[in-house]
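Peer 1: As a plain string of letters, each chain reads:
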Amino acid sequence: MKKMFKIAVDCPVCAGKMEVTAGKTPGVKEATVNFLSLKMWIEFEENVEDHIAVMKEVLANCRKEVDDDVEIFFE
Amino acid sequence: MNRKQKKILFRIIISFVLTAVLAVAVNSLELSLSVIFFLFAVPYLVIGYDIWIKAFSNLKKGRVFDENFLMAFASAGAFAIAILDPDGRGDFIEAVAVILFYQVGEFFEGYIVDKSRREIDKLVNLTSDIVHVEQNNELRDVDPDTVNTGSVIVVKPGEKIPIDGVVVEGKSTLDTAALTGESMPRSIDCGDEVLSGCINISGVVRIRTSRLYEDSTAAKILELVENSSAHKARSEKFISRFARVYTPFVCFGALALALLPPVYLKFMTSEPAGWFEWVYRALTFLVISCPCALVISIPLTFFAAIGGSSRNGILVKGATFMEKLARTDYAVMDKTGTLTEGSFCVSRICNNVVDADKLIKYAAYAESSSNHPVAQSIVKAFPQKIDRSLIGDIEEIAGQGIRAEVGGQQVLVGNEKLLVSCGISGIASADAVQAGTAVHVAVDGSYIGSIIISDSIRETSASAVGALKKMGINRIAMLTGDTADVAGYVAGCLGIGEVHSGLLPHDKVAVVQEIMKGKPAGSSLIFVGDGINDAPVLTVADVGIAMGGIGSDAAIEAADVIIMDDNPMKIAKAVGIARRCMSITWQNILFALGVKFSCLVLGAIGYASLWLAIFADVGVLILVVLNALRAMINVKESKS
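Going down the list, the protein sequences come from chains A and B. Residue 68 in the working numbering sits at position 68 of the first sequence; the count goes up by one each step and never skips. Every position in the second sequence, counted from 1, becomes a number in the working numbering once 1000 is added.
Please keep in mind that the hints were generated in silico from the structure rather than gathered at the bench. Keep in mind the model is a prediction, meaning the values are calculated, not measured. Each hint should be verified, as a subset may be incorrect.
What the hints assert, rightly or not - Calculated pairs, SDA-like style, for lysine to any residue (alpha carbon to alpha carbon, straight line, at most 20 angstroms):
| id | chain 1 | residue 1 | chain 2 | residue 2 |
| --- | --- | --- | --- | --- |
| 1 | B | 1160 | B | 1143 |
| 2 | A | 39 | B | 1119 |
| 3 | A | 64 | B | 1050 |
| 4 | B | 1061 | A | 57 |
| 5 | A | 17 | B | 1058 |
| 6 | A | 17 | B | 1060 |
| 7 | B | 1054 | A | 60 |
| 8 | A | 2 | B | 1143 |
Chain B on its own, in the form it takes in the complex:
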């Protein structure tokens, strides 16, 4: 609680106690009306003096629909009725309560928003306030903004890396959870690149900064999450438009209610006008004229959801994408690097007439000096050290493979073309090699088997596709530049029905545009890619999701949602968080509007007292703000 809040709390308590004492005293003592009025004026002024000051200063600026003015007016009206009404309809306690509980509501609003602001801040707490910079062999603590690129900074255990850079001295482990949501610590050593926002766990490290503070990952992410006003959600815009017409509407309603019925009764019928009754009803209108509950709860919900998802390593660039993400009904994913690892490895051996290990050994020896990615994946699959003295002449045949002498034997490793050209037959048929690139091996003129090299599917890809389907997103398509065979195999493994293969980057854009033409209005298409090659497609889709975006500026620029690590499960999680955020938003809108309109109706027909209006106003505010915070809290729970 800050000083302002403490002061107002103090005033609330004093005013409350005074009012309670007076309420008892007035009942037991016989006092004249004017004495009672002056007695109640004391707690009223204690709690309400600043509202009158603000009301007048706003009135001078020509702002009639200012909430301070409305509250001042409503409470003054209640006082007037308490004094003047011969039937004793109003009472002084009520008049004080209007202002008292308005202040209680304001106090709670401020307190809860403050508290949630700190909670959310903790979720996206990536930046550091000071940096230890090494200058002339001594350490100085400076503002991160002032550190130049190329400076050497020292990060002690337990501190956050303040600025992106490269380790120049020291070994340690990093907790990257704040960036990626992954709890697995990462070890770092000299020469490793480190990103700001990670927490240094074990040792002291010296880092040469490679960026300015404001260009560093942590500062960028923070700005992205916080400065998202340009991407206001439709529901947010709806509410601010609504707020602009709501207050004037209710105020004119109050005016009409105070004037029209009594005038009608007086001049058109024989009934008494009942001025006080109608003015009293009009006052209940004024009390609920402030749309605060809605205005505050909706951005708070989005903010909480954005904070919560960034804790899970999912960055959402603003409320509008949260909204679109929630309406996802078509998911298009890139294959390489998204659903698959994006790097080659030996997936299986087939048609081998010798031991699989032996086959790999021949191939690895032959390929050991090549730096072709396929060759390297074969070498990686051979667990032992390669004895280079066994390797004789090597001849690399471009686009075909390698011919090498290994331990005195002639080894051929390559595609069908190579082996056929050397007069070797009996090579594995095409259907056996559908899942990747086949590398055939022949020793001393005879075929001994094939090694299938493929880009391995990520462990969580299948469950990620399953999770999306479970959420009702059944239309899932996969795009790839790879051949139809490989694409079909991967899609089959993952349970994806729609496959577009053999695409160049601009073809992908065309395919996504084509799909988007056919989708129902109001639903969204998400495209998931690696953020580097897929930038154009990311911008075309309703929501572009970049995977493995950590440290990649290109991905951060092009995508609307960035998944910091490369776990496809996070796609479903992001959609889940977004849907929860939207359902909370609509709950709040409907609940707050429902209560306000019921109060208006009940007030108009004379069933709602000022008390009910006051509690409805404050109560709704507190409930919707607490509800908004669930957007963040739930995310925390589901993590554990």
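Bound conformation, chain A alone:
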């Protein structure tokens, strides 16, 4: 299951860090971030039911690891 989310982030380096951070979050199989189109593609693990819960975790991790003002729009 692959989904696209709009994001808000200020610099390409931060976008790269978001990609790494999101990819490490449990429930995420693969994450790609495109800074220029401000989009994040998340491929969820097969057995994950609650995508929103995973995305909340992804956002929390990104804020902690990358920058306090990053945003992911998933609701």
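With chain A's structure known, arrange chain B on it following the hints.
Peer 2: Relative to the frame of chain A, chain B by itself:
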């Protein structure tokens, strides 16, 4: 401009005006150092408070090489020198300027990137936000994601087709330019398949969707163009690696510059240590420690080029293929369906003893009930209606041709074998029929001429080959499953020197692999095919280009570059766009690195003030971003 940007612009203006007023006031009034310090602290805090907040929060997370921290540190250092240095080397304006212009740079970066993002978005703007779905005889506007396959949707004039489907009611014309780059509108009617991303021009149409939104052409193309991170170009990777070592390198350089020379001077020589001078020089290092200009300009260049080429109906699956495409020095092309139309037609008549029209008429009548592709091409070449009452007995002889009674005459249409078996002589010799399949015609036992059927060469094929040669790609080969005669003829017409004929699909793979062994390292081999039969070869080549890929999932899967319509000229255009993209990339890398390193050197030997460092940093950023956008703008111009 969004709210964040407006806010920062407001702060920039306030801080700038305050600093300017203070600069004049301090010159004309006699104020004590501490009063001046507190006065300048006001514009400094207005513009820099958030940098300090971010610097501390990052420091707590253990990130020392954070740009906010470095800028905060550099400006604090400048303040310290302004207060403490007895020679008055530093000044307060400079200290404020470090942060002020850093913010100006950030503001411009954000603004330009935002703007270019919108520009590029316009180029690949294929998707729709809402869909009018018909449910229980009423129209509802819904999110395209929620539309099921088989739903009936309504598309009004001026709107984009949101989802792939089949027209069930209405007539209209479509603008397919966004998909193919072709400006010729296409007319549609009931039963026609339509692809998302096209713009409906004239009438209201009702469409039964045949795919989900996310599987539709527009959504697929968009994802392909935007989600190309997996295919990062070498230069992109180089820069992100470079950025990781650059900042620490410059910071340690600054530290060394601030400590080593004064220590050396103090303890090893009789000269004064000059601490302030060296700390000041070290601060210029910190100001140019951020590699932003490079980090942002390179992906932006690729993105602009990918956006620009998709506007021309050329989809490039990621920056790495843009890079490989630019290094093309060997082009291998498939014949059928790529350089030729892929459909048969009558190319000429030869050895005819009767009128050409009459010859075609006999043949068309005889072949009129056959559905063999060759027979159909003959019927198509006869412009009048066929009067079926004139046709008597028809006998189709498999692998040979047809024997038919037309208007009371015995007509034979077929290959040499057929005519010979019926005892007819005087058939055209082999050299006269090199360019295709020959169909001989005989009436009442005597040979009257031959019709040459061939796959016609696309109008633009010869100029496409010419354009590639002009770009310095001289090694062009043609592969085909066709016979050597036909292949040689087509290659001759197009000016292609290297021909491999009589190949089965797996032979093509072997030939391409063989060629790739012999090519110089660092150059690329492109293979151009129709994307359906050539999928294995497309994956073997450095860059697989599929032609006429519109609506074909197989082509989109297998190819690295997809040419949406079937114009071979686009091959040269794609290479041109890629080369331009790469030259802009290298211009930016060399320019940005050149300026940064000159600043480092000038700063180290004391020739660069903080001012120079600030302007070098902001200036380089703006110039490289603007340069990056040329990758897109030029494409637009050359289209008109």
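Peer 1: Each hint: holds or not?
Peer 2: Here is what the structure says about each hint:
For the suggested pair residue 1160 of chain B and residue 1143 of chain B, the alpha carbons sit about 14 angstroms apart, so the restraint of at most 20 angstroms is met. Using a Cα cut-off of 20 angstroms, the hinted pair residue 39 of chain A and residue 1119 of chain B holds, with the two alpha carbons roughly 16 angstroms apart. Among the hinted pairs, residue 64 of chain A with residue 1050 of chain B is consistent with the structure: their alpha-carbon atoms are about 18 angstroms apart, no more than 20 angstroms. About 19 angstroms separates the Cα atoms of residue 1061 of chain B and residue 57 of chain A, which keeps this hinted pair within 20 angstroms; it holds.
Between residue 17 of chain A and residue 1058 of chain B the alpha-carbon distance is near 14 angstroms, which keeps this suggested pair within the 20 angstroms criterion. Straight-line distance between C-alpha atoms of residue 17 of chain A and residue 1060 of chain B comes to about 18 angstroms, which keeps the hinted pair within the 20 angstroms bound. For the hint pairing residue 1054 of chain B with residue 60 of chain A, the CA-to-CA distance comes to about 18 angstroms; that is within 20 angstroms, so the pair holds. Restraint check: the Cα-Cα separation between residue 2 of chain A and residue 1143 of chain B comes to about 18 angstroms, which is no more than 20 angstroms; the hinted pair holds.
When the structure is compared with the earlier hints, no violation turns up for any of them.
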